[in-house]
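Engineer: So the chains spell out like this:
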Amino acid sequence: MHKEYLTVSNIVGPLVIVEKIADVKYNELVEIEDSRGHLRRGTVLEVSTDQAVVQVFEGTVGLDIDKSRVRFLGRSQQLPVSEEIIGRVFDGSGRPRDNGPQIIARKRLDINGSPINPDARDYPSEFIQTGISSIDGMNPLVRGQKLPIFSGSGLPHPRIAAQIARQAKVLGKEEKFAVVFAAMGITFEEANFFIEDFRNTGALERAVLFLNLANEPAIERIATPRLALTCAEYLAFELDMHVLVILVDMTFYAEALREISAARKEIPGRRGYPGYLYTDLATMYERAGRIKGKKGSITMIPILTMPEDDKTHPIPDLTGYITEGQVILSRELHRKGIYPPIDVLPSLSRLKDKGIGAGKTREDHADVLNQLFACYARGKEARELALILGEAALSDLDRLYLKFADLFETEFVRQGEFEARTIEETIELGWKLMRQLPKKELKRIRPEYLEKYYSPAGAAGGEKVNEA
Amino acid sequence: MRQGKIIRVAGPLVVAAECLGAKMYDMVRVGHLGLIGEIIELNNDQAYIQVYEDTTGVGPGEPVVLTEKPLSVELGPGILGSIYDGIQRPLDVIRAQHGEFVSRGIEVPALDRERRWPFEPIKKAGDRVLAGDIIGYVQETPLIQHRIMVPENGDGEIIEIKEGEFKVSEVVCRIKKESGEIKELNLFQVWPVRKQRPVKERLMPFEPLITGQRILDTLFPLAKGGTACVPGPFGSGKTVVQHQLAKWSDAQIIVYVACGERGNEVADLLLSFPELKDPNTGRPLLERTVIIANTSNMPVAAREASIYTGMTIAEYFRDMGYSVALMADSSSRWAEALREIGGRMEEMPGDEGYPAYLASRLAEFYERAGKVICPGSEERIGALSVIGAVSPPGGDLSDPVVQATLKVVKVFWALDDRLANMRHFPAINWLQSYSLYRDSLKKYFADKVAEDFVELSQEAMKLLELEAELQEIARLIGLESLSFKERLILETARSIREDFLHQNAFHPQDTYTSMRKQYLMLRTILHFHHRANEALEAGKEFSDIVSLEVRDRISKMKYLPEEEEALLQVEKEVDASFKAL
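So the protein sequences, as listed, match chains A and B. The working numbering applies: residue 1 is where the first sequence begins, and numbers increase by one. The working numbering applies: residue 469 is where the second sequence begins, and numbers increase by one.
Among the clues, some could well be false.
Stated by the list, open to error - The list that follows gives simulated cross-link-like pairs (lysine to any residue, SDA-like), each with its CA atoms no further than 25 Å apart: (1) A:Lys-439 <-> B:Glu-755; (2) A:Lys-292 <-> B:Gly-573; (3) A:Lys-354 <-> B:Glu-755; (4) A:Lys-380 <-> B:Glu-954; (5) A:Lys-311 <-> B:Arg-886.
Hints were generated in silico from the structure; no laboratory data involved.
Construct the complete structure from the given sequences, taking the supplied hints into account.
Structural biologist: Below you can see the structure in the form of C-alpha cells.
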C-alpha cells in the first residue's frame, strides 16, 4: 500500500503542489483521489525535500485542497502490452474505450522509452510506395522515416494521411504491418473519419488507436503520443512488424505543453512555448527508425496544422528541424481544386537518396526528380513574371515553362483519392511532362538516361499532353 | 569519496546539499543509479548539478558522490574511428554491452583498456624533452600515425623508454623532472574538456582548406585554422554541406559533432564512412574520423558538453601537428541546451530567453580554432578549422545564436530557402555569403592553382552581382529593354550558377571537384563569355551565340572525369564554334 498524503497546498492550472512528502522521485506516476472518490492520474514534474509539483492529466476541475488524497506510485507511467493490443481502441491515457477487456500484460513498458543508440540505427533505405505521385515521385518516403505533413486548418490532411495508410506498401514484399494512430485534441468527426476509413479497408484489425479528443483533458495529450510510440516500439522491435504511426495533431500537443509551462511560470521561449519544446518533440519523433538486426520498423507521419499557414511558427519550425523532411500542403492548390494539394517545392524528403534508384525504384528516378523540381520552379517564376508583365512579355522558352508548371499541377500533382499510381507510372508521367521542353533544357538528367528515356515512347506521349 | 545529498530534482537539473568543498565544473555521480553530472553553480553548501542522463526516478535524499575531478576526456590511441556520446562514452561498446537502447548509469572507459598497440619510440634514454615533444608513434590506423606526446608538466630527462606492444594504460616511458620527481607516461593523457589546450604561438592562416565543393573553394574559401558558420532554415542543406566537408575536405583528421541532431544522420555517417575513400590516400574515411553523437533525443545536458568533448579531441590531434577540421551540427541545439539549463536555474534571460553569457561562450568556443605552433621543442605546425552549423528559427538571421556567431567567424555560408526549393544545391546564397580569407589566401591560389584564379573568381562574383541588378530591371520593364551585352551577362551568370555553382553531392563524379578542374571549368565558362562579347561586337546575332551547341558541352563539364586533356578540349571547342559562327 502506498502512503497517502492529504497535504495539497496549492492548485494552479493543471498543477498540484503537495507538501511534507518523503521519498518521492522525479517523473513518478501519481494518483489523486478527489473528495468524491474519483481517481485522477499525474506525474511529478519537480521534487524537492518537502514538496512535489504534480501535473494532473485529467485537469484539476473539482479538486480541493483539504480532501484530495495523493498517492505516489513509485514507478513512471507504463503501458501494458501484449499481442492482444492490436485492433484495440484506447483513450488518451491508455485505458480501453472500446468496451473490450483490459490488456493482460505480457510486459509493462515505460512510456518515455529510452533513446535508440545511434550506433544501433540502421539507415532507412526501403522505398515505400504511397501511390501518390507528388510524394513517391518528388519526396519519396522510406521505411523508418519520420515525415510530417504541415497543413493548415481546412486543408484535407486527414484524407491524405488516410490515403497513405491505405495504399502504402513496399514493392515486392508481403510483411506483417500495423498502424498505430494517436489523436490529440482533434474533433470527434475527424477521429471518426479515420476510424471509418480504417474499418472500410480492413485496416482496423491491424491498428491500435489512442484517442484524446478535443473535449477531453488537454494535459492527457502529453502522454497520448508517448503511449502510441511505446506501443509501436513493442510491435516493431519485439513482434517484428512494420509500423506506421500517425500522430494528429501535434499543434494541440504543443499547446498542452505550453499550458503546463505557463502554469509553472517558466521563462518562455518563442511565442510563449517553453524553451525545451525542441527537446521534448525530439524525444518523440526520434523514436521512429530502424534498428540493426531487427526486422520491424517505425515509420512516422505526424500531422500538424500551421497557425496562419506560417511555416516559421515554432511548432512546424522545430518539427522541421527534427524530422527527415516535410510534406507541405498549399492553400493555393486547394483553392484551385487540386487534390492532393501538396506544395512540391518546399516539401522535402531527406532520406530519399538511399531509397531510390536502380533496384529500388528506377535508375533515372533521382535525376527525374531533380529535373522536375527545377522545371517546376522555373515555371512558377515564369508565372509570376506573366502576372506582372503579361504573358506576351515572356520569351518562348519561358512560355514553355509556364505551360509545364500548369500541366505539372493538373496532371502530376492532381490525382484521385483512391487512385494508387505505381512508381513506374509516376516516373513515366514525369517524362511525359518533360518532353514538353527542349532536350538541352534538361541539364539535371545524365546524358545516358536522356538518351534512353527522352525519345522512345516520347513523340506519342508528348502529343497527348499537347492536346490536353 | 565525499558525498552530498539531493534536495531537489527538476528535469536535468539536480540540487544537492552538504557539498562544501566541491569545485565548479567538478564531475559528480548522482543518485543510486550513479548518473553522471557536472557542477555548474555553487551556493554555500549547495551544488547545482546538470545531469548528463535522464533523471526519472531520482529523488531527494539520494546521495551525490563528488569525484573532485573536472569532466575530462581520455586522449590516446583508439579514438579514431570511434563513435562517442557527448561525454566520450563509446556508443559501440555500450551497444554491445547494453543493447539497442541507451540505458542509464553506464560506465565504460573511452579507450579500450585491453587492446595492445605497437609503440615505436623515437627518443632514447638520456634525451631531454619538453611538454608537447613527441616520444614515439603508434600506427593507429593505416592512415594516421598517432604521435605520443609528453603531457603538460612533463619537462625533464628520459630515464627509460620501451618499445613493443602495450595497452593504453601501461607505462612506456619514465621522465625525471628537474625537481627529481619521476613522471610515468602511458599511451594516453586525460584533459578537462572546458580547458583550452595550450599552444606555443598562434599564426595567421594562409592555406585554404580544400573541400572539393566549387562554390566554397572558388568563391568563399575557408583557411586551414579558420572558422566558418553555415546558418540556414530547415531543409536548406546544412547537414549535407557538413557531411560533404567531412567527406572531402583535405584535413587530415575530422571530428564530427552531431549535437542535438537526427539519429538517422549519424547512422548515415556510420554507414557511408567505412565505404567512402579518402581522395588523397584511397583509405576508408572512417580511419581519420571521430564521431561525437549526442542526438536530439539523448539527454540535453550531455549535448551541452558534446561540443567541448569534440573540441578537446580535435585540439589533441592538432597538437600532433595535424590539420584537423571540426564540424559542429548544430550550435543552435547547443545554445538551446544552455538555455534550458539556464531556465531551470532561474537565471535572468537575455535575447529570446538565451542566457546572457551565450555570446561569450560561443566566442570562446570558436577561438579555440586556429593555426598554431604546437607546444614542444619541435616547432610543429598544426591547424584546427571549425565549421559550425546554425539552425535559426524560421531561417531568421537576426536570431541571437546567428548574430553571436557572425561576430566571431570569418566565413559565412548563408543557406537560402529559395535556392533549396529550386533544388539548387549547395543552396549557398552567393550574394549574402562572404569569406574574409580571400585576401590572405590569394598568394596560395596564385602559386598552387593558377596565376589568374583569383581574378577569374572575382570576375565570376561580379557577373553574379550584375545579374541580380539586371534581373531587377528585367522584372520591371521586361527582358527586351536590355541590350544584348546585358543579356549575355544574364546568360553567363546563369551558366555560372547552373553549370558551376550547382553541385550534386550524390553524383559519383560531381560530388568532389579538384582545384584544377574547378579552375578549368570556370575558365571555360568565362572564356565563352569573352568570346561571345567579341562576337557581339563583331556584329554576330545574339540568338546564334546563345544557341551554340558547345554550351551544352560546358554544362556537362562537371560530369567529366578529372582529366586535363578532356577538360581543355571543351575550351578548344568553344574557340572552334566561334570560328564557325
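Engineer: Within a Cα-Cα threshold of 25 Å, do Lys-380 of chain A and Glu-954 of chain B meet the stated pairing?
Structural biologist: At roughly 24 Å apart (the allowed maximum being 25 Å), Glu-954 of chain B and Lys-380 of chain A satisfy the hint.
Engineer: Starting from Lys-354 of chain A, check that the Cα of Glu-755 of chain B is at most 25 Å away, please.
Structural biologist: Between Lys-354 of chain A and Glu-755 of chain B the Cα gap is close to 23 Å, so the pair holds against 25 Å.
Engineer: Between the alpha carbons of Lys-439 of chain A and Glu-755 of chain B, is the straight-line distance 25 Å or under?
Structural biologist: violated, 44 Å
Engineer: Does Lys-292 of chain A pair with Gly-573 of chain B here, judged by a C-alpha cut-off of 25 Å?
Structural biologist: Given pair Lys-292 of chain A, Gly-573 of chain B holds - Cα atoms ~24 Å apart, limit 25 Å.
Engineer: Between the alpha carbons of Lys-311 of chain A and Arg-886 of chain B, is the straight-line distance 25 Å or under?
Structural biologist: holds, 14 Å
When held up to the earlier numbered hints, the structure conflicts with hint 1 and nothing else.
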